[in-house]
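Since the structure of chain A is provided, determine the placement of chain B on it from the hints.
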Amino acid sequence: DAKTTQPPSMDCAEGRAANLPCNHSTISGNEYVYWYRQIHSQGPQYIIHGLKNNETNEMASLIITEDRKSSTLILPHATLRDTAVYYCIVRGTAGGTSYGKLTFGQGTILTVHP
Amino acid sequence: EPEVTQTPSHQVTQMGQEVILRCVPISNHLYFYWYRQILGQKVEFLVSFYNNEISEKSEIFDDQFSVERPDGSNFTLKIRSTKLEDSAMYFCASTSRGNTGELFFGEGSRLTVL
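So the protein lines, in turn, are chains A and B. Heads up: the first sequence begins at 18 in my numbering, then just goes up one per residue. Heads up: the second sequence begins at 62 in my numbering, then just goes up one per residue.
Chain B with its partners taken away, still in its complex shape:
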């Protein structure tokens, strides 16, 4: 069964460092998303991406964040200068239909900022 894969599963970084989280969505999907979940809190929407551009972003997704689909298969989330409060699980998701299609989520990348 096709699945969304994310790497790395866990990354530890120093505050102020740049981090790139990678996702390989399901191959025929066209809509892509990043969510995050701070430990003990709810899953929060960060950004949606369609047709090679951001379609929606939340207030969390400030100038420190960026997304890219560099090669038609990977979908990346970059955090330019990490802060302690960026420590969270980051989930990538994709769907074939942006309106009624179910989102398929990856297993997440745990980011720890020291």
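So that you can see chain A by itself, here it is in the shape it has in the complex:
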């Protein structure tokens, strides 16, 4: 699976949009971009994933550049409860041997301030 690079930490004001960047310049054509978050020491929580089109769900939006070498997770109206570590993960698809394994990096610590 391709490696990802994320800033170690970011701050955001409550109510503002939080934009979390991720670089994955070695991503291959059949690899998806996944975002998870971990609040304190809880289990990682799935947020969103995409292949090449932008995606939106009730939690967030995912913007993937046309060359797929980077992406941005957008939390449109951050709340204090969004303070967490956010992980950008590139994951292979069927045909490989990863059987869906996710490889976590260090992630971005997002702190939402009042």
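Hints in this document: simulated from the structure, not taken from any laboratory. It is possible that some hints are incorrect.
Below 30 Å or equal to it, Euclidean Cα-Cα: the simulated DSSO-like pairs (lysine-lysine) are [what the hints assert, rightly or not]: (1) Lys103/B to Lys139/B; (2) Lys103/B to Lys86/A; (3) Lys118/B to Lys139/B; (4) Lys86/A to Lys20/A; (5) Lys103/B to Lys20/A; (6) Lys86/A to Lys118/B; (7) Lys118/B to Lys144/B; (8) Lys20/A to Lys69/A; (9) Lys20/A to Lys118/B; (10) Lys69/A to Lys86/A; (11) Lys103/B to Lys118/B; (12) Lys103/B to Lys69/A; (13) Lys103/B to Lys144/B.
Please read all numbers here as calculations on a predicted model, not as lab measurements.
For chain B alone, coordinates are given in the frame of chain A:
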């Protein structure tokens, strides 16, 4: 909403003792995983399990570790002879699709080895 449940939430054991961590994955899921997170470090993949056998394991998952799905609902991780360095949070995860399905994680079992 269906969820992955793990027991115990916290276990304290003496070095050299056997420990079994239990997980109940989401009922229609077919792929199962164990991860661990040492305090302050990243989430690390241990093992994936599909069709009643290990599909992939990491270097961490040595002969001291084993997994089992004994009754079609539980998924267990056994550590035969615990070491101090096994102290960590252990997360179970499951998914219905091994390639593109999102992984759902439990809240974790904290293991403390004294």
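Verification of the hints:
{"no.": "1", "hint": "Lys103/B to Lys139/B", "result": "holds, 21 Å"}
{"no.": "2", "hint": "Lys103/B to Lys86/A", "result": "holds, 23 Å"}
{"no.": "3", "hint": "Lys118/B to Lys139/B", "result": "holds, 14 Å"}
{"no.": "4", "hint": "Lys86/A to Lys20/A", "result": "holds, 11 Å"}
{"no.": "5", "hint": "Lys103/B to Lys20/A", "result": "holds, 15 Å"}
{"no.": "6", "hint": "Lys86/A to Lys118/B", "result": "holds, 28 Å"}
{"no.": "7", "hint": "Lys118/B to Lys144/B", "result": "holds, 19 Å"}
{"no.": "8", "hint": "Lys20/A to Lys69/A", "result": "holds, 17 Å"}
{"no.": "9", "hint": "Lys20/A to Lys118/B", "result": "holds, 19 Å"}
{"no.": "10", "hint": "Lys69/A to Lys86/A", "result": "holds, 10 Å"}
{"no.": "11", "hint": "Lys103/B to Lys118/B", "result": "holds, 17 Å"}
{"no.": "12", "hint": "Lys103/B to Lys69/A", "result": "holds, 27 Å"}
{"no.": "13", "hint": "Lys103/B to Lys144/B", "result": "holds, 19 Å"}
In terms of the numbered hints stated before, the structure departs from none.
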